[in-house]
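Novice: Residue-level listing of the chains:
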Amino acid sequence: MKRLMSILVLLTLLCRGGLALAEEQVSAPSTPAIAEQAETKIDTGDTAWMIVATALVMLMTLPGLALFYGGLAKRKDTLNTMTMSFIAYSVTSILWIIYGYSFSFGPDLSGLIGAPVKAFLKDVTVKSIAEVARTIPEYIFIGYQLTFAAITVALVSGAYIERLKFSAWLLFSILWMSLVYLPICHWVWGGGFIGALGALDFAGGTVVHINAGIAALIGALMIGKRKDTTLIPHNLTMVLTGTGLLWFGWFGFNAGSALSAGGLAGVAFINTNTATAMAALSWLFTEWIFSKKPTLLGLCSGAVAGLVAITPAAGFVNITGALVIGLLAGIISFFSVTKIKTLFGYDDTLDVFGIHGVAGILGALLTGVFADPEMNELGRGLLYGNPGQLYKQAIGITVTIAYSGAMTFIILFVIKILTGLRPHVNDEIIGLDESQHGEKAYNLHI
Amino acid sequence: MKRLMSILVLLTLLCRGGLALAEEQVSAPSTPAIAEQAETKIDTGDTAWMIVATALVMLMTLPGLALFYGGLAKRKDTLNTMTMSFIAYSVTSILWIIYGYSFSFGPDLSGLIGAPVKAFLKDVTVKSIAEVARTIPEYIFIGYQLTFAAITVALVSGAYIERLKFSAWLLFSILWMSLVYLPICHWVWGGGFIGALGALDFAGGTVVHINAGIAALIGALMIGKRKDTTLIPHNLTMVLTGTGLLWFGWFGFNAGSALSAGGLAGVAFINTNTATAMAALSWLFTEWIFSKKPTLLGLCSGAVAGLVAITPAAGFVNITGALVIGLLAGIISFFSVTKIKTLFGYDDTLDVFGIHGVAGILGALLTGVFADPEMNELGRGLLYGNPGQLYKQAIGITVTIAYSGAMTFIILFVIKILTGLRPHVNDEIIGLDESQHGEKAYNLHI
Amino acid sequence: MKRLMSILVLLTLLCRGGLALAEEQVSAPSTPAIAEQAETKIDTGDTAWMIVATALVMLMTLPGLALFYGGLAKRKDTLNTMTMSFIAYSVTSILWIIYGYSFSFGPDLSGLIGAPVKAFLKDVTVKSIAEVARTIPEYIFIGYQLTFAAITVALVSGAYIERLKFSAWLLFSILWMSLVYLPICHWVWGGGFIGALGALDFAGGTVVHINAGIAALIGALMIGKRKDTTLIPHNLTMVLTGTGLLWFGWFGFNAGSALSAGGLAGVAFINTNTATAMAALSWLFTEWIFSKKPTLLGLCSGAVAGLVAITPAAGFVNITGALVIGLLAGIISFFSVTKIKTLFGYDDTLDVFGIHGVAGILGALLTGVFADPEMNELGRGLLYGNPGQLYKQAIGITVTIAYSGAMTFIILFVIKILTGLRPHVNDEIIGLDESQHGEKAYNLHI
Amino acid sequence: MKKIEAIIKLFKLDDVVAGLSEAGIVCGMTVTEVRGFGRQKGFIEVYRGKEYEVRFLPKLKIEIVLTDELVEKAVDVILNKAKTGEVGDGKIFISDLEDAIRIRTGQRGEEAL
Amino acid sequence: MKKIEAIIKLFKLDDVVAGLSEAGIVCGMTVTEVRGFGRQKGFIEVYRGKEYEVRFLPKLKIEIVLTDELVEKAVDVILNKAKTGEVGDGKIFISDLEDAIRIRTGQRGEEAL
Amino acid sequence: MKKIEAIIKLFKLDDVVAGLSEAGIVCGMTVTEVRGFGRQKGFIEVYRGKEYEVRFLPKLKIEIVLTDELVEKAVDVILNKAKTGEVGDGKIFISDLEDAIRIRTGQRGEEAL
Ligand SMILES: Nc1ncnc2c1ncn2[C@@H]1O[C@H](COP(=O)(O)OP(=O)(O)O)[C@@H](O)[C@H]1O
Ligand SMILES: Nc1ncnc2c1ncn2[C@@H]1O[C@H](COP(=O)(O)OP(=O)(O)O)[C@@H](O)[C@H]1O
Ligand SMILES: Nc1ncnc2c1ncn2[C@@H]1O[C@H](COP(=O)(O)OP(=O)(O)O)[C@@H](O)[C@H]1O
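Residue numbers (our numbering), protein chains in the order written: chain S, 1 to 446; chain Y, 1 to 446; chain E, 1 to 446; chain L, 1 to 113; chain U, 1 to 113; chain V, 1 to 113.
Keep in mind that the hints were calculated from the coordinates and are not lab data. Don't take every hint at face value.
What the hints assert, rightly or not - Lysine to any residue pairs mimicking SDA-like chemistry, simulated, CA-CA at most 25 Å apart:
1. E:Lys-339 / V:Lys-50
2. L:Lys-3 / U:Pro-58
3. U:Lys-83 / L:Leu-70
To be verified - One-sided excerpt, in silico: chain L residues whose CB lies under 8 Å from chain V:
4. Arg-35
5. Lys-41
6. Gly-42
7. Thr-67
8. Leu-79
9. Ala-82
10. Phe-93
Ideal placement from N, C-alpha and C gives every residue a C-beta, glycine not left out.
Let the hints inform the model, and build the full structure from the sequences given.
Specialist: Pasting the structure below:
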């Protein structure tokens with residue numbers, strides 16, 4: 001605890017200093033700041049939708065993901081697992097307004113990072129409008145992007161649960177969100193080089209899912225196997241509830257990425273629902289054939305795989321594209337989880353890489369294949385005479401994998417030195433709820 | 001499994017063929033297709049509301065209904081019960097975009113069915129607008145109607161649980177949605193003869209609830225009694241959670257049926273909340289008097305009865321109408337569940353007929369009594385000098401009962417031949433979670 | 001039961017009589033009624049947002065608060081605890097349309113109460129618009145305000161659970177909502193004297209939280225201690241779920257209080273999220289220091305404290321204000337719960353006073369300090385050169401405390417005479433689920 | 001005084017209790033949820049395509065204390081009520097008991113039953 | 001060495017444990033959640049207006065192994081701590097035990113307790 | 001015929017079962033979730049800053065019925081499989097059993113095991 005505290009204090013000082021420094025460098029007044037004066041024609045309909053979309057994505061993490069992961073965890077590790085999502089969301093919420101938003105969406109500094117001119121939301125007023133979303137209040141755009149950062153961090157936790165120190169996770173949330181999410185988010189959406197290069201990512205296939213998936217894999221390898229490497233969900237009704245809330249919230253995630261309430265949101269919405277249903281069913285039938293029984297966990301896992309795979313494509317492909325993406329997402333994720341994992345033998349507890357990583361890559365590539373200009377003129381895929389797109393997608397994916405992988409390694413390495421990664425083996429055996437939090441998920445006797 | 005597969009393949013071929021055939025018959029170009037060119041003045045406010053409304057109705061099935069039904073089921077049948085809702089939603093999602101939407105809302109063919117000119121959402125673009133909802137993208141309208149079809153199928157499952165083969169349910173979802181829901185939906189809302197005749201059904205009293213209620217009753221009789229016919233909810237906190245989510249989502253169901261964000265949505269909203277609260281209380285007091293104790297299950301059951309009864313009336317009646325409808329819904333449903341059921345002795349596991357069927361009929365009739373032209377000029381009931389309306393309502397109800405009853409019988413009869421309806425008695429005794437899915441809802445030890 | 005019935009009948013007659021009487025007194029036609037004719041320019045965007053906001057606040061009570069409180073309760077009192085929220089919501093829903101809305105938002109009678117000219121929503125039509133919310137249908141405004149009344153009553157229950165008779169709670173909901181909530185709501189928002197005096201309360205710090213907190217304290221003292229005064233949550237996964245839903249719904253509560261979809265809603269939204277996350281973390285670290293371990297319950301409790309504290313300030317302060325309010329809310333609430341409570345030894349079961357009362361007062365005061373005219377010209381706090389505001393806030397708080405405290409005392413005193421407050425001690429020991437409802441929350445064996 | 005401990009299958013409880021009551025043997029009994037391991041093979045559960053064998057199966061343990069002369073009668077009843085003929089039907093164990101006391105009254109020995 | 005098995009009401013556990021500790025009798029005990037059936041009538045639960053009688057009531061079974069001379073003392077304590085005077089207070093069963101071993105040390109007999 | 005009752009730590013079950021199987025001792029066993037109280041101190045749980053001591057710790061009780069000659073062998077196996085050396089490892093209790101019956105076949109005595 002003491003140690004952790006000092007570390008946190010240090011971090012605070014560092015970041016303060018960093019901000020100060022950075023601000024000097026940026027002489028130019030933040031362009032959006034100007035933009036505000038210019039034109040403020042907020043559309044109440046778009047705003048209504050985006051407020052709700054933001055709330056929906058928040059719901060995905062709390063309680064959505066917390067329930068999904070918590071139900072899959074062992075009873076004795078349930079609370080710790082849920083706490084990881086809670087910490088991820090809370091920490092991100094604070095850091096996002098301090099410097100996160102500015103680093104990712106501030107005026108671009110040579111394609112690499114945003115200028116921290118909006119640290120502590122400086123100059124953002126009730127009338128402000130962000131350049132990338134001209135019809136809604138900037139505060140809503142800030143909140144919307146915040147929820148994306150938060151869930152990305154939370155997603156990673158699924159691969160680390162049942163054996164990571166609580167203090168280590170706290171540090172990880174802070175460092176990973178700052179050093180991995182922010183840059184990648186800027187590169188793809190904030191005016192950085194990946195976006196400039198024309199790689200398509202409608203709602204976060206690379207930024208969110210591939211990114212989290214790789215961090216999950218690297219972490220699983222570095223943290224090492226659990227004592228008991230089984231995955232026997234302690235409460236599948238929780239898993240189903242979480243899946244339902246994720247699906248529900250994902251409409252805000254994908255249709256919300258249209259940043260307005262119109263036809264494009266409609267496209268993203270129907271594609272999301274179609275691919276998800278398709279993936280749930282294709283996983284179900286695949287497991288029915290290959291492991292005898294159709295399961296509820298299969299439906300839930302497939303649905304999530306479908307949601308992930310359609311994310312980058314939602315606002316670009318047509319309904320046929322959605323069907324194919326969903327179909328493949330369910331089948332391929334099933335094998336990546338059952339075969340690949342056992343082949344390499346890493347302990348990705350809840351298959352974050354197996355589902356988010358793999359389905360994320362699949363979706364990002366297929367976006368380059370199925371992007372239909374009739375749905376969204378901004379995207380033209382292989383099938384519509386633009387093979388080059390596939391190449392751009394590949395670059396986006398590769399860069400994300402390389403950077404996220406490397407940084408995650410470094411971050412965990414540092415944390416290992418600072419606080420250590422794993423609790424005492426006995427603490428792992430009696431369960432992290434007891435050892436890290438001194439709580440029990442259920443007190444049902446009496 | 002093998003057998004099921006071949007059946008599914010067969011179905012696919014059949015439907016493909018059917019579509020081809022149908023398309024030939026329809027020479028006329030789909031009118032809506034034209035409409036698009038005409039005028040595209042999407043209202044962002046209406047769109048924002050309808051996107052959310054669609055997501056809300058989706059939430060009703062997953063996890064709403066799954067939790068409500070799953071909590072009422074025995075512990076050993078929980079997952080199978082939840083899976084039925086999940087399958088219903090996923091299967092419907094896919095079939096709806098393949099042919100469901102077109103058969104129900106495609107250009108009317110002599111009042112009986114829609115033309116499949118929009119199979120695979122052919123010709124629907126990001127700019128399309130459906131004729132019946134002129135201010136929102138057609139994709140949203142498609143999605144919104146999809147969620148209605150899905151929950152109707154899911155509702156039926158409540159009467160079949162704890163004794164139906166999983167593969168049988170899979171087939172049932174496909175067949176019943178295609179052969180029962182689609183036609184009735186077209187008759188009432190898609191330009192078919194019931195709607196033409198002037199029967200009022202604001203949000204689905206006949207299409208959804210009476211329809212599902214009758215299918216539930218017929219099915220309960222055909223499938224037969226469970227070995228253990230008790231209804232002892234294994235987890236009432238799940239039931240309460242499900243009820244809350246249903247109530248919440250139902251605002252999208254009823255207020256969303258205004259298809260716009262205005263006064264009419266307001267009317268539907270306040271009526272829905274009022275009738276629901278009233279029914280919850282009237283059920284509570286009725287049971288307090290007739291079976292000694294006021295229960296949480298009573299409040300939940302009453303609330304659902306109220307939601308069902310107000311559904312057809314939500315956008316037609318005034319607040320007094322809502323109060324009366326709610327009051328009666330709670331009382332009458334209580335008796336239909338406690339008396340009628342025990343009288344006839346059919347095993348409608350979760351009282352789908354007792355609540356959705358009975359309260360649905362009640363609501364449909366009372367809509368004909370309380371429809372107040374001051375609220376909605378489209379509806380004038382008995383109390384406002386139009387006794388004829390009651391007659392029209394009766395026709396709508398009768399047709400639905402007759403058709404849904406007969407078709408459900410045929411469908412289950414066919415399934416009985418194809419896969420059989422019930423698992424081996426021992427599989428029923430050890431529970432369907434174990435026997436059908438090889439999963440356990442809870443793994444709480446260790 | 002019999003006794004209760006007669007009491008209820010009596011109440012009904014009384015209120016009917018009262019209404020009649022009141023109506024005579026008010027000769028003047030309700031001004032809003034006129035307003036309607038005047039201008040009806042409903043904004044679909046604002047309407048879309050407010051419909052959703054209303055549904056969100058409804059969700060806060062069912063299942064949000066029910067899960068939060070139910071999970072904290074002992075297993076044997078879970079259902080009774082959840083039932084209290086359900087009853088609060090249902091009873092309020094009915095009374096609100098009968099006379100609640102009119103008494104609180106009807107034409108002001110000398111600053112004290114609204115005129116019951118809108119009893120049973122008389123004269124409200126599909127076209128009506130309330131004077132205080134000129135861009136949305138009055139029905140939505142009515143529904144929105146209804147949900148506030150309902151959750152306020154429900155919040156109180158947290159202090160009374162595990163030892164209050166069900167019939168006593170039923171009476172309490174009716175009386176307290178009518179005699180305490182309605183007047184205070186009118187004073188602050190309905191044109192009454194507190195609002196007139198210029199005290200700031202954006203979304204209900206005084207009306208909802210301080211009000212409920214004081215009623216909780218007084219009640220805890222009058223009802224007396226439980227036999228077993230422990231607070232060992234029987235299901236923390238439920239508590240987390242409830243917290244997530246409360247957080248989610250609170251966006252409707254705070255951002256919805258802008259009554260429109262624009263910049264102000266954006267301000268309220270981001271402030272709400274920031275303060276909540278901050279409070280969750282500050283509670284976590286405080287408890288980590290003072291009671292050894294960081295807990296999930298700590299995060300949840302802190303989040304709720306933050307939500308409460310930011311409520312009155314959400315639409316007035318800037319992001320720095322939100323950070324400070326959140327920080328203090330988490331720390332101060334922690335001590336009020338751990339120290340103050342044990343010091344005075346009252347049995348506020350779920351710390352309704354300790355969290356809602358204390359954080360509510362804190363938030364109301366800090367609103368007077370941080371209110372930033374740049375965010376909302378209607379509010380200028382101490383830091384912006386208006387020390388007087390703090391004084392006004394103090395008055396608002398004091399009046400609420402005095403009135404709510406006194407009336408709650410009287411109401412409980414009366415109920416004690418009518419039905420008695422506590423069940424037989426054995427009924428308390430076997431649990432209120434069994435004794436009051438004859439139900440069990442879980443039937444997991446077999 | 002003897003104590004009978006019977007390990008039976010979950011869904012046989014009602015039959016056994018009914019049988020014993022009819023036979024007028026039991027004044028009472030105590031039931032415990034246990035997990036049993038024996039000749040009966042456990043079943044396979046598959047989560048995310050991975051198989052887990054559940055070797056401990058849910059069973060119920062019935063404890064009945066009764067007078068020596070009633071033991072055989074009780075055993076017979078349990079035998080034909082709890083029997084399915086399949087592996088896993090369970091066991092009956094009989095042991096000696098020195099004394100029994102009814103807490104409510106303090107009565108000892110047979111009258112405590 | 002003897003083994004005492006006491007079936008008591010749920011909410012009597014703390015009193016009994018406290019009593020035994022004060023009396024300085026127990027070095028330890030093992031508690032099991034059981035469901036009991038006996039003279040005490042079960043209660044009625046009503047779901048959707050249908051009545052279900054719950055004949056098996058939740059009880060706690062306490063197992064204490066101790067030396068012969070302590071048995072009577074322990075029985076007395078349990079008797080007056082677990083007693084409410086109402087039907088359903090439960091039973092105490094006493095049986096003989098051949099040996100006890102402490103796993104940690106391998107000690108046998110009385111010193112294992 | 002003897003009955004062995006062993007109270008062990010939760011996470012020792014698999015080792016013990018494996019050990020007994022290898023040693024070819026058990027034909028079966030019955031496991032019950034219990035809560036134990038003894039020398040081992042309970043842990044503290046803190047809810048809303050208030051401390052609660054959990055004195056009853058989760059343990060598993062294994063019941064094995066076997067022939068007299070196998071008892072010592074079984075005890076040895078359990079001793080070295082269930083041992084961590086820390087307080088709370090648990091106990092083994094041995095008592096005499098009069099008879100055993102296999103419900104499925106009605107076989108009595110040793111062949112019932
Ligand atoms: N030696 C034993 N000691 C204690 N319990 C036993 C023993 N053998 C079997 N059991 C219990 O009896 C149950 C049934 O035994 P099993 O061998 O599976 O079937 P069967 O009794 O029909 O041969 C087991 O699940 C276990 O609970
Ligand atoms: N013959 C018996 N064998 C085993 N347990 C018994 C027996 N009789 C009673 N019990 C246990 O004792 C509990 C209390 O017994 P009961 O007859 O209900 O009340 P009382 O002991 O006050 O007469 C029962 O719930 C049951 O668990
Ligand atoms: N006298 C006893 N009677 C019954 N069970 C006991 C007794 N003493 C201990 N136990 C059981 O053995 C477990 C371990 O005992 P404990 O004294 O804590 O550790 P150790 O056996 O290593 O000294 C306890 O949790 C309890 O379940």
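Novice: Among the hints numbered above, which are violated by the structure, and what are their numbers in rising order?
Specialist: 3, 5, 6 and 7
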